[in-house]
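These protein sequence lines map, in sequence, to chains A and B. Per our numbering, the first sequence runs over residues 215 to 299. Per our numbering, the second sequence runs over residues 382 to 759.
Don't read these hints as lab results, they were simulated from the structure. No residue lacks a Cβ here, since even glycine has one placed at the ideal position from N, Cα and C. Be aware that one or more of the hints could be misleading.
Per label pair, the in silico range of CB-to-CB distance [as the list claims (entries may be wrong)]:
#1 Ala534/B to Met245/A: 47 to 53 Å
#2 Glu241/A to Ala471/B: 21 to 27 Å
#3 Met245/A to Val735/B: 37 to 43 Å
#4 Glu704/B to Ser284/A: 54 to 60 Å
#5 Val735/B to Ala244/A: 41 to 47 Å
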Amino acid sequence: MQNHDATKTLDVKGLKCPMPIVKAKKELDAMAPGETLAVLATDRGSVLDFQGWAKTNKTARLVEQQTVTSDDGREVYVHVIERQG
Amino acid sequence: MFELSPAELKARLDRQEAIALLDVRNAEEFEAWRIESKHDFPVAHVAYFDFIEDPEAAIAALPFSQEQEVVVVCAKGGSSEFVANLMNEAGYNALNMTGGMQAWGDLYEVREVVPSSARLTLLQFNRVGKGCLSYLIASGKEAIVVDPGRHVAQYVEEAKRRGLSIAHVVDTHVHADHVSGAPELVELTGAPYHLHEGDASFGKLNVASGEGQIRLGELVVDVLQEHTPGHTPGSTSLVVDGRFFISGDTLFVKSVGRPDLGGHAVEWAHDLYRTLSEKIRRLSDDTTVLPGHFASLDEIREDGVVAGVLGEIRKSNPALAIEDAGAFVAFIQENMRPQPELYGEIRRVNLGLVSACEDQRTALEIGKNECAASKALA
Numbered sequence: 215m216q217n218h219d220a221t222k223t224l225d226v227k228g229l230k231c232p233m234p235i236v237k238a239k240k241e242l243d244a245m246a247p248g249e250t251l252a253v254l255a256t257d258r259g260s261v262l263d264f265q266g267w268a269k270t271n272k273t274a275r276l277v278e279q280q281t282v283t284s285d286d287g288r289e290v291y292v293h294v295i296e297r298q299g
Numbered sequence: 382m383f384e385l386s387p388a389e390l391k392a393r394l395d396r397q398e399a400i401a402l403l404d405v406r407n408a409e410e411f412e413a414w415r416i417e418s419k420h421d422f423p424v425a426h427v428a429y430f431d432f433i434e435d436p437e438a439a440i441a442a443l444p445f446s447q448e449q450e451v452v453v454v455c456a457k458g459g460s461s462e463f464v465a466n467l468m469n470e471a472g473y474n475a476l477n478m479t480g481g482m483q484a485w486g487d488l489y490e491v492r493e494v495v496p497s498s499a500r501l502t503l504l505q506f507n508r509v510g511k512g513c514l515s516y517l518i519a520s521g522k523e524a525i526v527v528d529p530g531r532h533v534a535q536y537v538e539e540a541k542r543r544g545l546s547i548a549h550v551v552d553t554h555v556h557a558d559h560v561s562g563a564p565e566l567v568e569l570t571g572a573p574y575h576l577h578e579g580d581a582s583f584g585k586l587n588v589a590s591g592e593g594q595i596r597l598g599e600l601v602v603d604v605l606q607e608h609t610p611g612h613t614p615g616s617t618s619l620v621v622d623g624r625f626f627i628s629g630d631t632l633f634v635k636s637v638g639r640p641d642l643g644g645h646a647v648e649w650a651h652d653l654y655r656t657l658s659e660k661i662r663r664l665s666d667d668t669t670v671l672p673g674h675f676a677s678l679d680e681i682r683e684d685g686v687v688a689g690v691l692g693e694i695r696k697s698n699p700a701l702a703i704e705d706a707g708a709f710v711a712f713i714q715e716n717m718r719p720q721p722e723l724y725g726e727i728r729r730v731n732l733g734l735v736s737a738c739e740d741q742r743t744a745l746e747i748g749k750n751e752c753a754a755s756k757a758l759a
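Model the full assembly from the supplied sequences, consistent with the hints where possible.
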């Protein structure tokens with residue numbers, strides 16, 4: 215599942231809203247501008263939520279989103295975010 | 382924790398209590414599907430991630446007074462709990478609706494269409510958040526369940542409470558908007574499953590041979606005899622006691638079932654026109670129509686039952702006023718909108734072509750039904 219070259223990976227599989235974004239914000243706040251964070255989530259709702267969150271905040275830019283299937287057959291939603299200056 | 386269930390919220394909205402709603406899902410979900418009530422009440426939308434990004438600013442921007450009781454809603458109940466807690470810490474009067482829109486979509490209300498007697502029991506199960514209707518018809522000790530939703534225990538329990546056994550399970554057609562509870566109910570009760578060959582032939586289902594009528598105590602119920610194609614090739618309607626017309630997705634109170642879900646819009650629209658102009662025309666004006674869905678809340682009667690008298694529907698339903706097939710097909714084409722992307726998958730599940738676990742079934746069903754041939758969502 216390493217098909218993204220993020221600076222850091224955050225695994226929030228199994229967590230429900232609002233935790234994926236709560237944790238992603240915490241990580242992102244500690245990162246330097248230009249660094250990227252790959253968030254691995256299993257909540258389908260996270261796809262639109264990460265889009266909405268990135269739209270309304272100045273420090274996160276959504277670079278890409280993709281859906282992959284993990285080894286145990288679960289759908290995993292990968293959100294790659296770049297820390298802005 | 383300050384919280385309330387979807388059923389409690391529904392009851393408080395029905396009583397027109399002075400409560401407000403704060404929906405904290407993302408904007409797309411809020412636009413597509415939200416909690417509605419027949420009576421106006423204040424609704425605001427602020428996404429939960431705004432409260433994560435800058436809690437003070439989000440709280441300060443709330444359009445409510447601190448005295449106002451506010452019910453907070455999200456997709457599954459987690460984010461709304463987070464926001465309700467923040468609001469209460471800031472001095473607001475917030476309640477979390479448990480389970481979110483997923484639980485709202487699973488809320489059912491059961492009503493007697495007419496006062497029950499030994500001769501006839503006719504119950505309408507209203508899945509209020511989705512606008513899906515199912516029915517239990519009984520005479521003597523035997524019952525038919527029509528278009529059961531996925532939550533089948535309620536039909537079994539209602540029948541048990543009334544001393545009835547479920548003797549037949551009917552789907553009026555293959556549903557595209559919700560996962561049918563019929564296969565599970567059939568397995569639980571051993572009752573035969575009735576679905577018209579016109580739909581069943583697309584799938585792998587164990588369907589009973591289609592006799593036209595079912596004898597039920599003192600009643601005769603026309604089941605597969607009333608073939609009313611259009612919404613799907615195998616759409617049927619039920620005539621109960623000669624006066625109730627359980628119309629599936631053929632005829633709704635204010636609209637008709639969209640014939641474009643199977644990719645043959647023009648052909649099926651012609652079928653639907655024939656059904657409406659020939660079969661439905663023969664029914665008398667005082668027939669009570671009991672549909673498979675409602676799209677807007679003004680289709681609900683004062684007593685909470687979704688029903689219409691055919692004579693009235695003939696006057697007010699625009700689709701029934703059209704006098705020729707070409708104009709009808711044009712009307713359908715003008716009122717078409719894209720079908721939700723999951724509808725194809727729901728249909729495959731209901732045809733027994735693919736299986737889906739409980740979580741997948743839940744995810745497939747999110748949202749309000751979009752089975753009516755009308756442009757407006759609600």
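Checklist entry - Failing hints, ascending? => result none
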